[in-house]
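A.B. asks: Chains as they are written, first to last, in my numbering: chain A, 1 to 633; chain B, 1 to 633.
A few of these clues could be false.
Intra- or inter-copy, both count: the list cannot distinguish identical chains.
Straight line, CA to CA, 20 angstroms or less: simulated DMTMM-like cross-link-like pairs of lysine to aspartate or glutamate [unchecked claim]: (1) Lys-447 / Glu-545; (2) Lys-627 / Asp-201; (3) Lys-422 / Glu-139; (4) Lys-48 / Glu-607; (5) Lys-422 / Asp-440; (6) Lys-210 / Asp-199; (7) Lys-485 / Glu-550; (8) Lys-447 / Glu-550; (9) Lys-485 / Glu-312; (10) Lys-80 / Glu-278; (11) Lys-447 / Glu-544; (12) Lys-626 / Glu-60; (13) Lys-108 / Glu-463; (14) Lys-626 / Asp-201; (15) Lys-80 / Asp-25; (16) Lys-512 / Glu-550; (17) Lys-259 / Asp-84; (18) Lys-48 / Glu-550; (19) Lys-626 / Glu-365.
Don't read these hints as lab results, they were simulated from the structure.
Number of protein chains: 2
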Amino acid sequence: MTTTPSTTALANFIWGEERLKRRCDILAAISSNPVFTQSPNSHALSRKDLWTLRLKQGVELLELKFKLGWSNQQFVDATKIAGDILSLGVNFRIFIRNLEAQMSPEQKAYWIPRAERFEISGCYAQTELGHGSNVRGIETTATFDPKTDEIVVNSPTLSSHKYWIGSLGIVATHALVIARLIVQGKDLGNHVFLVQVRDLDTHELMPNVKIYEQGEKGMSTFASMDNGVMAFTDCRIPRTNMLAGMVSLDPDGTYHAAKNTKHAYTSMVIIRGLMSEELGIEVAKAVIIALKYAEFRRQFNPKDGLERRVVEYASVQNRLFPALARAVAMMLLGREMRARIDNIINESLEDLHLQTVGAKIWASEHGVRDVEIARLSCGGHGNMASTGLGSLYAQLSPSRTYEGETYVLSQQIGNAVVKHWKNTSEQSISALSYLARLRDARRMSQKSQVAGSDDWFSPPVQEDFLEHRAAVLARRHLGDAARGKDTSYDVFELTMAHADLTYWRGLQAQVKQSAQHDRETMEALANVFALNAMVEGLAAFAGEEYLSAEHVASLRLAYQHAISGFATHARALVEAFGFTEYELNSVFARSGQTPYEGLLDVAKQSELTDNVFVRPTLLRARSLWKKYGRAKI
Amino acid sequence: MTTTPSTTALANFIWGEERLKRRCDILAAISSNPVFTQSPNSHALSRKDLWTLRLKQGVELLELKFKLGWSNQQFVDATKIAGDILSLGVNFRIFIRNLEAQMSPEQKAYWIPRAERFEISGCYAQTELGHGSNVRGIETTATFDPKTDEIVVNSPTLSSHKYWIGSLGIVATHALVIARLIVQGKDLGNHVFLVQVRDLDTHELMPNVKIYEQGEKGMSTFASMDNGVMAFTDCRIPRTNMLAGMVSLDPDGTYHAAKNTKHAYTSMVIIRGLMSEELGIEVAKAVIIALKYAEFRRQFNPKDGLERRVVEYASVQNRLFPALARAVAMMLLGREMRARIDNIINESLEDLHLQTVGAKIWASEHGVRDVEIARLSCGGHGNMASTGLGSLYAQLSPSRTYEGETYVLSQQIGNAVVKHWKNTSEQSISALSYLARLRDARRMSQKSQVAGSDDWFSPPVQEDFLEHRAAVLARRHLGDAARGKDTSYDVFELTMAHADLTYWRGLQAQVKQSAQHDRETMEALANVFALNAMVEGLAAFAGEEYLSAEHVASLRLAYQHAISGFATHARALVEAFGFTEYELNSVFARSGQTPYEGLLDVAKQSELTDNVFVRPTLLRARSLWKKYGRAKI
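Full structure from sequences and hints, please.
C.D. replies: Written out as structure tokens, the structure is:
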């Protein structure tokens with residue numbers, strides 16, 4: 001394990017130059033700072049103590065931001081690299097971004113500098129107890145009172161309590177509240193309002209606002225985030241606190257609707273688009289921790305007195321290698337989506353929307369599963385908190401439900417398939433290429449042309465397979481939809497096939513941009529990625545003519561070769577990721593200590609090893625029997 | 001939610017009469033005991049405080065055991081029903097059972113009463129840091145010293161430290177230590193030794209033994225278990241402390257080997273065999289918590305002002321209904337295995353071994369996945385600790401690695417397939433029926449005879465399908481093994497198909513034993529179970545002649561009917577499970593409170609809601625900018 005990140009060409013390729021530069025700067029700033037390096041064992045702390053520790057670390061990062069002139073993105077990156085430090089990032093990651101996107105120039109000039117310097121601290125309050133995915137169901141009202149030129153915010157019901165609002169439970173002074181604007185009795189739908197919720201000098205709640213910290217999350221995850229619950233009772237804000245970048249409300253109640261509705265999409269597109277890259281980094285951490293253990297651990301089949309390295313078994317390689325390939329794909333494709341988002345005015349918004357929806361589902365489903373696989377591939381010892389694998393799983397796990405639940409979101413892919421099929425308009429959406437194939441009966445009844453195992457390494461063969469699979473599932477979906485079936489479950493399989501194709505294409509394009517020196521490694525990775533998706537996607541071919549039994553056998557053989565040939569490339573990729581010991585924070589990845597030495601060290605430091613505090617209880621338990629004269633005991 | 005369990009015929013059928021009786025007695029004893037009902041919020045506690053709380057509750061259960069004359073099994077049941085109370089159960093669940101199985105009559109007469117009355121408290125020390133699945137690799141040595149008539153126990157290396165030993169970290173006074181017996185320089189392999197590790201009066205460690213509590217487990221699970229690490233340095237025990245039920249060692253060093261090696265198998269057979277039933281109960285809890293939420297929660301598609309109940313969506317039904325069916329199958333088949341184990345002398349040990357191996361893998365893989373599915377089907381709110389879903393996942397998660405890791409264990413199925421194929425001996429093992437099919441080329445090339453969707457509800461059709469699938473995967477495995485492929489990954493799919501068939505057969509037999517009044521419900525459940533396994537098992541049919549595209553379509557249609565017709569039966573089953581509010585311990589399943597009311601209540605009780613303790617830090621953070629004169633801020 002190193003203390004400084006790798007900066008080779010392959011490292012720059014995987015991380016992207018900008019991100020790698022930020023990462024190096026952040027690690028240099030924190031890696032000798034005792035606030036981060038000498039913190040207590042987080043797994044042993046109570047929620048309250050852990051939250052307090054993370055706040056202290058967050059404030060230290062804030063001071064580093066100001067001192068070193070870090071950008072907001074760099075601060076957000078730092079909260080991730082430094083560990084699970086979540087609350088303060090909300091102001092920079094979500095609040096300011098929404099002010100920039102949705103405020104009028106005058107509003108921006110006043111509010112953004114205050115948020116930038118953390119003089120105020122903001123959050124984004126959309127979700128309600130009763131309204132998650134269905135944003136249109138939001139009940140919070142914001143009624144314009146022309147007499148006072150104010151807007152009166154109310155939570156009319158239990159189900160309209162704002163819920164899951166990050167950083168609201170303790171930290172935030174201001175909230176962007178999504179509420180239905182009511183003007184002269186007319187419901188104008190959801191709008192965004194800036195509401196001050198805490199006093200800037202005392203941090204007391206403002207009148208007419210109730211806030212509770214939400215409580216503990218499952219598996220102890222997101223312990224450092226103070227999600228909040230909030231209700232309003234006739235809470236008055238100035239009319240000018242309605243965000244007026246797209247819409248506006250005059251003092252006389254005249255309402256000016258949005259001319260450009262693009263913005264309604266963009267906020268979600270951005271957040272979902274960024275998830276792929278962020279998830280990829282966490283998955284890579286988990287897989288690399290597991291690989292380090294698998295390189296060390298030996299079990300069964302001794303030769304010359306040494307058992308076989310676990311990493312040499314097919315059961316480990318077949319789990320960790322595809323997961324590593326997917327992690328890289330998530331990062332590369334995520335970065336490409338980020339570039340498209342930054343250039344959003346030149347983009348087909350629907351195409352980008354469908355890509356980010358598919359990527360969000362695909363990356364969160366695979367990402368969570370792959371972190372779990374990494375933990376399981378370490379066997380029993382993977383269950384120790386000190387490996388870091390359990391908390392990585394817990395941290396990623398909710399990504400399948402936040403920012404759009406997997407099955408609800410999948411319907412957007414299904415709906416797009418139906419719409420463009422009916423309108424014969426798939427040529428406008430590059431991701432729906434398989435619909436053109438579906439219109440061509442000749443292509444749908446064709447058999448795969450593969451003759452031997454090596455053919456499966458050919459990109460056109462891979463694309464043909466993945467496109468055929470997506471077409472078969474699209475045909476099924478169109479049939480289901482036509483006969484009125486509730487497709488909300490089955491559409492998931494189509495979505496994953498759709499996204500396999502998107503990721504496959506994106507990865508192929510990225511591989512071509514890698515340096516010549518690293519091309520072989522990246523091509524090997526692309527083959528592991530592709531052949532895994534194909535082998536795992538065979539179910540759609542049951543009953544189809546496309547594949548023969550010989551095809552299936554030769555595909556499995558090709559996949560076996562891709563996996564067994566990947567070991568040296570995997571090592572090169574682990575090098576290029578170049579995670580420091582601080583970043584991995586795992587007993588399986590310590591410098592100067594083997595995993596076994598590390599595990600023993602953890603036990604020696606357990607605060608329960610000194611059990612003097614429970615001895616009276618134990619001695620009492622062992623003499624309890626004397627009180628009871630039963631024959632049995 | 002009720003406070004007393006359901007005791008209808010269906011309840012008795014699902015739980016089994018004995019278990020239901022024990023459960024009723026336990027709930028009656030604890031449901032008004034403040035040690036259990038007034039305990040603090042476990043999710044907010046530090047590991048040390050949580051451990052101390054659970055110990056106090058465990059001692060209270062011990063006193064109830066003595067007071068009310070509970071059997072060991074009843075005490076173990078109570079530690080589960082009362083919550084996550086693990087440490088004290090080891091003495092009764094594992095230690096005493098091993099004393100009974102492996103001690104000589106004289107040893108039993110002395111030791112078992114002491115353990116029964118908890119005068120001593122035992123644990124089972126097999127796993128080492130470097131040796132989990134490969135028990136033959138165990139390094140701890142037990143060298144006979146004829147001069148003193150003692151056995152000298154040593155941990156020669158770091159990797160021979162005993163590790164993962166439940167109840168050893170704090171509680172145990174005695175350990176059953178698995179070590180290599182060395183007599184006159186000759187290594188006689190693993191044997192079991194009773195070693196006293198703590199003083200009975202002071203609870204201090206015995207000389208020459210080092211023990212550390214192992215530290216926190218990932219996702220905060222098993223927090224109430226004090227797993228321990230242990231090393232020996234010339235630790236001397238009397239020769240008579242070697243367990244002498246099967247083997248013995250004379251004072252002169254003469255060694256008498258075991259005549260009956262059946263016992264070597266039985267301990268693992270028993271533990272794995274019991275897992276299916278225990279897992280089923282936990283899965284049922286999770287699914288029922290999720291069903292209660294899905295009955296309450298509404299989202300999208302409003303009719304008459306009310307959105308649609310989430311439980312009515314295919315995306316929820318297709319996830320929760322098969323999971324409920326599997327949970328029932330795990331309980332019923334687990335109970336059947338328990339009966340076979342109790343009658344072990346009349347059983348084919350290999351057949352029972354293969355069944356328990358398959359069941360252990362199948363039940364842990366499906367069980368963990370189904371608990372996760374239950375949580376995910378509750379959307380974002382499922383991530384709150386107070387739903388109980390996160391801790392159920394965390395608690396079940398390691399079941400895939402303990403008592404035999406899934407992939408390592410799967411090889412035992414693969415090896416049995418190869419052995420019996422070569423020896424044409426499959427008729428001796430009922431679970432390998434599909435090998436006979438594989439020998440019959442005519443049957444392997446046959447097409448399914450299904451004509452219409454209804455045919456899929458016929459048990460012979462279902463069995464034919466599942467057997468064909470297992471045969472296809474066995475053929476693949478035999479081919480892979482013949483060409484020397486490392487099958488350690490691929491054999492997993494065969495194992496699951498093998499176990500699908502075992503569970504399908506067992507469930508069919510069980511359904512026939514249900515009361516006439518409940519037969520329709522149980523048949524509906526068996527169809528959901530079967531058709532789900534078939535739809536999820538289509539991958540094996542890619543490239544095969546067995547299914548046509550029409551078959552796949554009609555199978556999917558049949559499955560859709562099975563699911564959508566199951567809603568009323570699911571409600572009957574939830575009733576029959578009859579979990580009390582105390583057992584479910586979930587904010588989604590409280591009497592007199594809706595899930596939303598419960599979630600708000602949890603927030604009101606969060607100890608972080610009163611944030612006075614961090615206000616100075618927050619105020620400092622919001623004025624930090626004044627120290628830094630950058631133009632930017």
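A.B. asks: Taking the hints in turn, state whether each one holds.
C.D. replies: Hint check results:
In this homomeric assembly, Lys-447 and Glu-545 come within 20 angstroms of each other (Cα to Cα) both inside a single copy, at 6 angstroms, and across copies, at 14 angstroms. When the C-alpha separation of Lys-627 and Asp-201 is checked against a cutoff of 20 angstroms, the pair qualifies only between copies, where the shortest distance is 18 angstroms, while the shortest distance within a copy is 61 angstroms. Within a single copy, Lys-422 and Glu-139 get their C-alpha atoms no closer than 35 angstroms, and across copies no closer than 69 angstroms, so neither meets the 20 angstroms cut-off. For the homomeric pair Lys-48 and Glu-607, the shortest alpha-carbon distances inside one copy (18 angstroms) and between copies (7 angstroms) are both at most 20 angstroms.
Taking the shortest alpha-carbon separations for Lys-422 and Asp-440, only the intra-copy value of 15 angstroms comes in at or below 20 angstroms, while the best inter-copy value is 48 angstroms. Taking the shortest alpha-carbon separations for Lys-210 and Asp-199, only the intra-copy value of 13 angstroms comes in at or below 20 angstroms, while the best inter-copy value is 56 angstroms. Proximity of Lys-485 and Glu-550 under a CA criterion of 20 angstroms is satisfied inter-copy only: 17 angstroms between copies versus 35 angstroms inside one chain copy. Within a single copy, Lys-447 and Glu-550 get their C-alpha atoms as close as 12 angstroms, and across copies as close as 18 angstroms, so both meet the 20 angstroms cut-off.
For a Cα distance limit of 20 angstroms, the shortest separation of Lys-485 from Glu-312 across copies, 13 angstroms, qualifies, whereas the shortest one inside one copy, 47 angstroms, does not. When the C-alpha separation of Lys-80 and Glu-278 is checked against a cutoff of 20 angstroms, the pair qualifies only within one copy, where the shortest distance is 9 angstroms, while the shortest distance between copies is 39 angstroms. With identical chains, the CA atoms of Lys-447 and Glu-544 are at most 20 angstroms apart both within one copy (9 angstroms) and between copies (14 angstroms). With identical chains, the CA atoms of Lys-626 and Glu-60 are at most 20 angstroms apart between copies only, with a shortest distance of 15 angstroms across copies and 57 angstroms within one.
With identical chains, the CA atoms of Lys-108 and Glu-463 are never at most 20 angstroms apart, being 47 angstroms at best within one copy and 68 angstroms at best between copies. Taking the shortest Cα distances, Lys-626 and Asp-201 sit within 20 angstroms of each other only across copies (15 angstroms), while inside one copy they are farther apart (62 angstroms). For a Cα distance limit of 20 angstroms, the shortest separation of Lys-80 from Asp-25 inside one copy, 14 angstroms, qualifies, whereas the shortest one across copies, 50 angstroms, does not. In this assembly of identical chains, Lys-512 and Glu-550 lie within 20 angstroms of each other by CA distance neither inside one copy nor across copies; the values are 31 angstroms within and 42 angstroms between.
For the identical chains of this complex, Lys-259 and Asp-84 are neighbours neither inside a copy (41 angstroms) nor across copies (57 angstroms), given an alpha-carbon limit of 20 angstroms. For the homomeric pair Lys-48 and Glu-550, neither the shortest alpha-carbon distance inside one copy (60 angstroms) nor that between copies (59 angstroms) is at most 20 angstroms. In this assembly of identical chains, the alpha carbons of Lys-626 and Glu-365 never lie at most 20 angstroms apart, being 56 angstroms within a copy and 44 angstroms across copies at closest.
Hints 3, 13, 16, 17, 18 and 19, counting from the list given before, are not met by this structure.
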